[in-house]
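Going down the list, the sequences are from chains A and B. My numbering numbers the first residue of the first sequence as 215 and each following residue consecutively. My numbering numbers the first residue of the second sequence as 2 and each following residue consecutively.
Hints in this document: simulated from the structure, not taken from any laboratory. Glycine included, C-beta positions come from ideal geometry on N, C-alpha and C. Do not rely on the hints blindly, as some may be mistaken.
Said to hold, decoys possible - Think about it this way: if two alpha-carbon atoms lie no more than 30 Å apart in a straight line, the pair counts; the simulated DSS-like pairs of lysine-lysine are:
(1) B:Lys3 - B:Lys49
(2) B:Lys49 - A:Lys296
(3) A:Lys438 - B:Lys49
(4) B:Lys3 - A:Lys438
(5) B:Lys49 - A:Lys290
(6) A:Lys296 - B:Lys106
Stated by the list, open to error - Heads up, incomplete: computed chain B residues facing chain A, CB under 10 Å, no partners named:
(7) Ala4
(8) Phe14
(9) Leu20
(10) Val21
(11) Ile24
(12) Leu25
(13) Gly31
(14) Gly41
(15) Leu47
(16) Val61
(17) Val69
(18) Leu81
(19) Ser96
(20) Ile99
Stated by the list, open to error - Far from chain A, by Cβ distances over 10 Å, these chain B residues were calculated:
(21) Met2
(22) Tyr5
(23) Arg6
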Amino acid sequence: MNPLGITLTLVVFYLFSELHSRRRAFYTNPVLLSIITIAVILRGFGIPYGSYMGSAVILKFLLGPAVVSLAVPVYKGRATIKAYAREIGLGIATGGTVAILSAFYIARLLGGSEEVLLSIAPKSVTTAIAIGISEKIGGIPALTAVLVILTGLLGNAFAPELLGLIRVRDRIARGLATGVSSHGLGTARIILEDELAGAVSGLAMALNGVFTSLLLPHLIELLK
Amino acid sequence: MKAYRGLAIIFGFYALGELVTYILNLTVPGSVMGMLFLLGSLLAGLIKLEWVEGEAELFVRNMSVMFVPPGVGIVAYLGLIRSQAVPIFVALVLSFLITLVVTAKTVEFLRRGEK
Chain A
215 MNPLGITLTL VVFYLFSELH SRRRAFYTNP VLLSIITIAV ILRGFGIPYG SYMGSAVILK
275 FLLGPAVVSL AVPVYKGRAT IKAYAREIGL GIATGGTVAI LSAFYIARLL GGSEEVLLSI
335 APKSVTTAIA IGISEKIGGI PALTAVLVIL TGLLGNAFAP ELLGLIRVRD RIARGLATGV
395 SSHGLGTARI ILEDELAGAV SGLAMALNGV FTSLLLPHLI ELLK
Chain B
2 MKAYRGLAII FGFYALGELV TYILNLTVPG SVMGMLFLLG SLLAGLIKLE WVEGEAELFV
62 RNMSVMFVPP GVGIVAYLGL IRSQAVPIFV ALVLSFLITL VVTAKTVEFL RRGEK
């Protein structure tokens, strides 16, 4: 196994993480910048994606246990879930469904191809779960990964401001809307402004991941 | 040595999740099934939080770097993205906005009814 792929990924990600810790802004997001940089390096040197993935695939494999590990924050948040069960349940059911349907139908209306529709449908859930869903339903996991990150960046950059603009002040509503619409990246932003909203956002992200992975494959069968 | 217990539990639940989705031919990713099984076991008291807490948090905290290799796969689809730029990016932005607003207003409405 050629260790170049994993080394390149770790070096580039480390450098952008350092930059991000110095300049915290949505445009210094280390994941997106690393993807772009490595893609440019591979193209520039004519390195095939397969030989890069030879060892970088180890990192991708770890997404599986990482998703399993999300059980721990959900378990620790069980008191919050119990206290706001109705809001969380209905908020996720509504928001999770709207996220899938709006992405799917708008893309279809504008002439998106089937593989694009399948790749964009899971864009609101946390990347690891979205990639898993995309693989299962016949989307393009790489395209899904990038669309999920871009969605997260929108939430990270604008969610609190947009919620202010539509005059939503309730902390539970703000947290849920952020987590359901823009997963971990949105959560990372709102938690800086309000700890309760941040905790609810994190829970909403994890639970919406589960909800979407249960619903989306069946929903897509009906929509296709 | 304790870390091995946590890692064995996490990888074990991942393997169990993959096995169950394979056998039952489920559309849910095996990792999500594994998460549900681990959550159930924690709630049922079969697994103690301190057995897995440290290792799970290590995975969750360092998840970001794991998205880079699958994301880099995008190089193979640049042509597709260019030719479908309008449906992809308009759907992405509008769907984000609609989801945010609908969810926030739904929950706000529920909360108002409560007070």
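Violating hint indices (sorted, rising): 3, 4, 7, 9, 10, 11, 12, 15
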